[in-house]
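Number of protein chains: 2
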Amino acid sequence: MICEILCVGTELLLGDIVNTDGAFIARETAAMGFSSYHQTTVGDNPERLREAVNLALSRSDVVIMTGGLGPTCDDITKNAAAEAFGRKLYFDESTREDIARFFERIGRPMTENNLSQCWVPEGATVFYNKWGTAPGLGIEGEIGGKRKYAVLLPGPPAECEPMFEECAKPWLARLSGDVIHSRNLHLYGIGESAAEQILRPMMEASENPTVAPYACEHEVRIRVTARAKSLEEAEAMCREKIAEIRKTAVGPSVYAETDDPFSAKNAMVTTLIGELRRKGWTFATAESCTAGMIGSMVGDIPGASDVFMGGIISYANEVKENVLGVPHEILATVGAVSEECAAAMAEGARRQTGADIAVSVTGIAGPGGGTPEKPVGTVCFGVSTEKGTWTETRHFSGKNDRAKIRRLTANHAMYLAIRTMRGEIG
Amino acid sequence: MICEILCVGTELLLGDIVNTDGAFIARETAAMGFSSYHQTTVGDNPERLREAVNLALSRSDVVIMTGGLGPTCDDITKNAAAEAFGRKLYFDESTREDIARFFERIGRPMTENNLSQCWVPEGATVFYNKWGTAPGLGIEGEIGGKRKYAVLLPGPPAECEPMFEECAKPWLARLSGDVIHSRNLHLYGIGESAAEQILRPMMEASENPTVAPYACEHEVRIRVTARAKSLEEAEAMCREKIAEIRKTAVGPSVYAETDDPFSAKNAMVTTLIGELRRKGWTFATAESCTAGMIGSMVGDIPGASDVFMGGIISYANEVKENVLGVPHEILATVGAVSEECAAAMAEGARRQTGADIAVSVTGIAGPGGGTPEKPVGTVCFGVSTEKGTWTETRHFSGKNDRAKIRRLTANHAMYLAIRTMRGEIG
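Just so you know, the protein sequences line up as chains A and B, in that order.
So for the first sequence, the working numbering puts the first residue at 1215; every next one is plus one.
So for the second sequence, the working numbering puts the first residue at 1215; every next one is plus one.
Hint data in this document are derived by calculation from the structure and do not stem from the laboratory.
Misleading hints may appear alongside valid ones.
One copy or any two copies: either way a pair holds, since identical chains are not told apart in the list.
What the hints assert, rightly or not - Taking lysine to aspartate or glutamate pairs in the EDC-like style, the calculated list, with each CA pair at most 16 Å apart, reads: (1) Lys-1383 with Glu-1225; (2) Lys-1479 with Glu-1375; (3) Lys-1618 with Asp-1514; (4) Lys-1493 with Asp-1312.
Next up, chain A with everything else stripped away, as it sits in the complex (with noise of 0.2 Å):
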């Protein structure tokens, strides 16, 4: 089945605000296996809404409408579609006891324009909005001989994506009948094109489940979505897909695996949560190029508390040399960027929180400072636990720019907290 989504709102064609309805219900529909091939945005215009629907219904098996319901636009999306679909509005009594309840609820008169959400096109399914006042509308019917789909869903975000997942995912996923389940795998220390490559005969083979690679910043995930007529089902066929990626020559690389959008998008600071509360062990950090990124990133996770003590920025190298404890020698001659560096203020961070394991990176973020022996872009770590310290030298390409830089050396500490804790290095 292929799906549509217009967005209606002369505010999202004036930039004034960036459509995350639109990329929220792609990724929603695609994960349920519908194919898209267009997306569209017009204005608050009555004419122009009613070509796009119509464009729309005749390209596509199911529109997914959003904006431009509700007293304040005329319910222009409402009237377009109905008109689509060739029926009249009639006066929903049950609407108008939601809508009331609603006014109710939040203390607050129902004013006379509400009513004009009441009037809904004969044969549709009607979403109570618990969001706010503008109901939803299922709406199905032939078009030009042909079996068409339509849902209709406000436009504020905090409206549209609870009631797509709790009225029109249900409404629609009858039409196919099948589950959908996804798993994320995320790689690190290879690139894309080579994880593609290794991959491709794999990818183009396999239809249920799919094997799709996504280039993240600095990582690259591999997706495996299978459908099936069962949760159980689905997800048994993605461990087996899943078994036999991991004994392919991307295997050594997989780090972590996740299904929720959460963990997927913070895969390192979770894994490296994860391991942490496995062995019990608390974290800190002492960071001079990232300036605090590490310590951000772990504190971005709710109940990071229970693992992190905290850390150093040592920004300067006073901070360096005063709280962490950088011998001055160290700082006068191999200088700052320098393993010895990064040895000592992994073990002043550890010293000074009573951590069990800390990490260090000081490096060249640029665009300035860089120099032939050490350009922009070297950056050197250092990881300090009981059983000693331990220190590497990145290269991170000059082509990346300051904010990447720093972005890459964050999750590269990361990384290597996470192996030292799996005993993989150190």
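We have chain A already, so just place chain B on it with the hints.
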């Protein structure tokens, strides 16, 4: 003139990325005075892209396309646009030199497939891409007896946004023969609707310069855009309108003025660094709930090492006590989220790092950890200078999530440091 945005990329249709290019260009073209009625997204499919390009060029004067440039997507956008204008491609030697220069700069070999990017439509303007390899293009010509314009830009926002500003904007501005100049006023401590209410008469009365508010996450931005025959004239018009705005009730909330996109995006932190340089002061942090975010934001700015000493991430109470010297009685009685603790943290950071001014934050970012007395969103701040230490408590609404509370906290801490240095508080 009617302008339409056409974004190309299967990753947009799948919802893997949010279409920020579309919103950015929409805002910029609206500020330039173009009307906009449609925005479309299509995938990496040559036939559907061709249809979309033709449709867009049939109903709009200017079509701005993003994505689908470069060898990995077979240059489909370039080919579709060239075909729509009936142009042949030729091998442009100077583009080859530009791309070779880019690879030289990043120190990597230029691969064969990059040469496809040197084929450009006859009569097109090539926009040199300083930020990546795929050049942008400006094409104009007659289609169906009407003058039409197309701009092609790479998809990654880090390339698309600066290329729009530096290349596409001047190319488009000449369509009207005018120069466009914008300037942003950054407001803190006032809501968008309050600012809009105050400025509405001016917004409605002003056609040139235009006055438009932009709601950002933690501040309100007012953008003044003037169109004139020369840059000097446009700048003078902006200056005059800004003086008028500053005389209204929003005046006291203006904390910065910017015009380049980098400073606009980082206005609070670039303003902080500007104030530190002006006073010749050094800066340090003591961060609990933000866990290094303030330090990281300061470290984002090239050259921050002039003024930034570093700081202490005191996530655990042990670190507050042992490294920052917060008295044990404070932690045992009023607790870590208290103005007493914030004061001791700021003083400890100043003592440990030797900085002239230190800020501290300690609060409850949630979702857990709130109590009736100290609900989620409660944050205590401290600012310490040679003159003394002062504190305040803020209650960010619990409707904000953890990530947002942390960002609001980081921003507010910097705002307090700025106002302290300006002698407005403390």
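Looking back at the hints listed earlier, which ones does the structure fail to meet?
Per hint list: 1 and 4 violated.
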